[in-house]
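> Please arrange chain B on chain A, whose structure you already have, making use of the hints.
These protein sequence lines are chains A and B, in that order.
For the first sequence, the working numbering assigns the number 1 to the initial residue and increments by one for each residue that follows.
For the second sequence, the working numbering assigns the number 1 to the initial residue and increments by one for each residue that follows.
I should point out that these hints are in silico values taken from the structure, not numbers from a laboratory.
Here are the simulated SDA-like cross-link-like pairs (lysine to any residue), alpha carbons at most 25 Å apart as the crow flies:
| id | chain 1 | residue 1 | chain 2 | residue 2 |
| --- | --- | --- | --- | --- |
| 1 | A | 82 | B | 37 |
| 2 | B | 127 | A | 57 |
| 3 | B | 127 | A | 37 |
| 4 | A | 82 | B | 199 |
| 5 | B | 134 | B | 85 |
| 6 | A | 82 | B | 35 |
| 7 | A | 82 | B | 172 |
| 8 | A | 82 | B | 47 |
| 9 | B | 127 | A | 43 |
| 10 | A | 82 | B | 42 |
| 11 | B | 105 | A | 24 |
| 12 | B | 105 | A | 25 |
| 13 | B | 127 | A | 53 |
| 14 | A | 82 | B | 31 |
| 15 | B | 134 | B | 64 |
| 16 | B | 134 | A | 44 |
| 17 | A | 82 | B | 52 |
| 18 | B | 105 | A | 23 |
Okay, the calculated beta carbon distance ranges per label pair:
| id | chain 1 | residue 1 | chain 2 | residue 2 | range |
| --- | --- | --- | --- | --- | --- |
| 19 | B | 18 | A | 91 | 31 to 41 Å |
| 20 | B | 82 | A | 49 | 17 to 27 Å |
| 21 | B | 69 | A | 102 | 19 to 29 Å |
Sample of chain B residues with no beta-carbon within 10 Å of chain A, all distances over it, derived:
| id | residue |
| --- | --- |
| 22 | 74 |
| 23 | 124 |
| 24 | 138 |
| 25 | 154 |
| 26 | 175 |
| 27 | 185 |
| 28 | 188 |
| 29 | 190 |
Glycine is no exception: its CB is placed at the ideal position from the N, C-alpha and C atoms.
In case you want the letters, here they are:
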Amino acid sequence: MATPHAAGAEAAPGHATHHASAARYFVVWIGLLALTLTTFGVSRIPMSGHMHLAAAIFIACIKVFLVASFFMHLWGSEGTNKLVFCVSFVFVATLLFFVLADVRTRFTLTNSRIRPLPDIDQSVLQHQYPRAPEAPAK
Amino acid sequence: MEASSARAMTAEGYLAPPPTPHHYEGNPAAHKHAVRFGMWLFLATEILLFAGLFVGYATFRMDFPEAFDQAARHLSLFLGTTNTLLLLTSSLTVALAHHNAEHGKNRNAFWLLLVSIAMGAGFLCIKAIEYAEKFREGALPGRFFTFSEITAPGGPMFYVVYFFTTGLHALHVIVGMSLLAWVAVRCWRKEFSPGHYAPVENAGLYWHLVDLVWIFLYPLLYLV
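For reference, chain B alone in the conformation it holds in the complex:
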């Protein structure tokens, strides 16, 4: 790690990439494949983590269809839709950052990542506004539920699902923003080149996964 701060510049003006693990020496394509494959395996575990929450959603929705219908009407469609558009747009800028890093345009990638992080922060701010509203109304999970406008049984269960799914998702947004910030710093240091951009790609993959989860959460919680 210490050695990396003193890494030399390559002839093309990039920070010299870290050494390839010796078992991949002479075969950078295999190394790239392995790095990417590992990330996809990790993303599969993430998908299955969220799957548990989606199963919970389906089960409780089946048990309490009326409460879920009433509660969905009390979520702000405007804020939910705005957040969806924000997250989709941040995915675009992350994809563009990856594209730029891959072509050695570190400065472009840096700014695009910064914009993406800002959109992630915007997403969290809107989420916080929504949460504050729920806390004010008493639209809360379990025995903290004091929201009188939902009359059908099962209201507290909707908010268990709502807070757990959106909460875990928000946690992923925070982690994703941290990863993007980390690779943004490395972009600023001109670390990435056509031969070495895996960190941008993998942080981007994580961010897109956060987007994928929201693509399902948005219609299920806000629309149907």
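So here's chain A without its partners, still in its complex pose:
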């Protein structure tokens, strides 16, 4: 079967960036190295743990943006590819948010790791339930 493998394939719309010079890859690479040293340097500055975490994640996000946009050619790629990539991060954030919201708002009665249950102060039970549960069997 003859394959009309036209050289015109590369003329597909939205791929103008594909044919830029290779120099920009080096620029992106230098940016990534600089950001790596920055994140290292920032982690040595005395700050609160939360600030360290926020700074590290912020810098990592910039690096991901650079790699995805230029090394992976997402910049100037078809919109569907951008959608898939961005939405996957939204899903990760959703998963993280709800799991952490759960973990952070746990209290004694919702914590499955606390054993044995009969050790729980019964006055706590009275407080947590509008209707007091049945008294434990003696």
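Below, chain B alone, put in the same frame as chain A:
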């Protein structure tokens, strides 16, 4: 598959590309789009696979902040940073290989892929040195944990997270190196041309994803 070994050369000196699936015949741009889109969908599933481990990290870090702080101080910053620089540089050479393959410079692409694979191997060697150190110290997950320098509760949980995240990542490095080797061989055979370079692009995308995961793992495990 057998037919491919006997593929003819095109007038430009490339190995003739495999036939376009018939439903894309006459529309190579749509074929290219579909191939790339499929790869991005696969990468999204990879991102969500690692998301589970990052959620585990966040949960246990919240449960045991002190142990995570102590354990992070026992990782080698030098080795971790070196590995980060190695992986970022290998991403550069893979991007350059893609660029060369796209312009039909198969030999350049071959050498760049070879350098990338070598850097991947370097990454794994450094990882092995780190793992050996952890095994020697008894800085291990679960009940194998015998590391006396971490006094806060939760030390074994840090190493569960550490070994699972870096282990799964290392597995991806191995798979990525295999993919790069496979397309490198095809570069050597002068298979790629301006009209046909999707395998280099997709293997490269996989390699960049491995890099993306490490971009998050490095600060979270080693720095904060």
